Amino acid sequence: MGSERMAGWLAFLVPAGLLGGALVSQYGFGLYPCEMCIWQRWPHLAAILLAVPALFRPGKSGSGLLVAAAALAIFVSGAIGAFHAGVEYGWWEGLTSCATTGAVSLDSILDAPLVRCDVAPWSLLGISLAGYNFLLSAGGAILILVLMAKGRKGA
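Counting along the sequence shown from 1, when you hit position 135 you're at 135 in this note's numbering, and nothing is skipped either side.
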């Protein structure tokens with residue numbers, strides 16, 4: 001598989017994996033997202049939507065641009081994750097508002113958990129989910145761009 005093709009697959013798989021993981025942790029393990037968690041999901045969705053057409057037309061005009069735009073969207077999610085992790089670690093102040101789970105009735109509003117952006121609901125080795133999103137998104141975006149540059153150099 002060529003470098004550009006691999007970059008296209010990574011532009012799809014990295015955000016799909018991270019977004020899928022976020023949804024599994026929310027619906028499977030009850031780790032409800034705060035507002036900044038939701039913000040991190042939108043660029044991943046955009047990256048998926050940009051990468052899919054590039055996968056179906058590899059090497060065609062514009063497919064490289066779609067993959068590069070997907071890499072940028074992935075990096076944006078990572079940047080939001082870095083900011084969010086900084087808020088969780090107390091390095092700087094974040095939002096003053098909190099989010100709920102999208103309740104639809106008064107009873108569900110009153111029963112919905114209040115999710116704070118400055119409290120990490122889960123961590124592994126001292127790194128929160130937002131921190132892992134930063135590490136994986138930034139690393140993935142850089143790898144995609146390096147693979148694309150390698151493919152262009154070899155072409």
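Just so you know, not all the hints are guaranteed correct.
[As the list claims (entries may be wrong)] FRET-style restraints, in silico, Cβ to Cβ:
id, residue 1, residue 2, range
1, GLY90, GLY139, 43 to 49 Å
2, LEU55, GLY139, 19 to 25 Å
3, LEU49, ILE142, 19 to 25 Å
4, VAL146, GLN26, 37 to 43 Å
5, PHE56, LEU31, 32 to 38 Å
6, LYS150, GLU93, 16 to 22 Å
7, PRO53, TRP91, 23 to 29 Å
8, PHE56, GLY126, 38 to 44 Å
9, TYR27, VAL146, 17 to 23 Å
10, ALA149, TRP92, 18 to 24 Å
11, TRP91, ARG57, 41 to 47 Å
It is worth saying that the hints were derived from the structure and are not from the lab.
Just so you know, these numbers come straight off a predicted model, no measurement behind them.
Positions of the beta carbon are idealized from the N, C-alpha and C atoms, including for glycine.
Hint check results:
1. GLY90 with GLY139: 43 to 49 Å: The hinted range 43 to 49 Å is violated for GLY90 and GLY139, with Cβ atoms some 24 Å apart.
2. LEU55 with GLY139: 19 to 25 Å: holds, 21 Å
3. LEU49 with ILE142: 19 to 25 Å: Given range 19 to 25 Å: holds, Cβ gap about 21 Å.
4. VAL146 with GLN26: 37 to 43 Å: violated, 32 Å
5. PHE56 with LEU31: 32 to 38 Å: holds, 34 Å
6. LYS150 with GLU93: 16 to 22 Å: violated, 41 Å
7. PRO53 with TRP91: 23 to 29 Å: The hint (23 to 29 Å, Cβ to Cβ) is violated, given that PRO53 and TRP91 are roughly 38 Å apart.
8. PHE56 with GLY126: 38 to 44 Å: Holds - the Cβ-Cβ distance for PHE56 and GLY126, about 41 Å, lies within 38 to 44 Å.
9. TYR27 with VAL146: 17 to 23 Å: violated, 34 Å
10. ALA149 with TRP92: 18 to 24 Å: Once the Cβ atoms are compared, 33 Å apart, the range 18 to 24 Å for TRP92 and ALA149 is violated.
11. TRP91 with ARG57: 41 to 47 Å: holds, 43 Å
In this structure, the earlier hints numbered 1, 4, 6, 7, 9 and 10 are contradicted, and the remaining ones agree with it.
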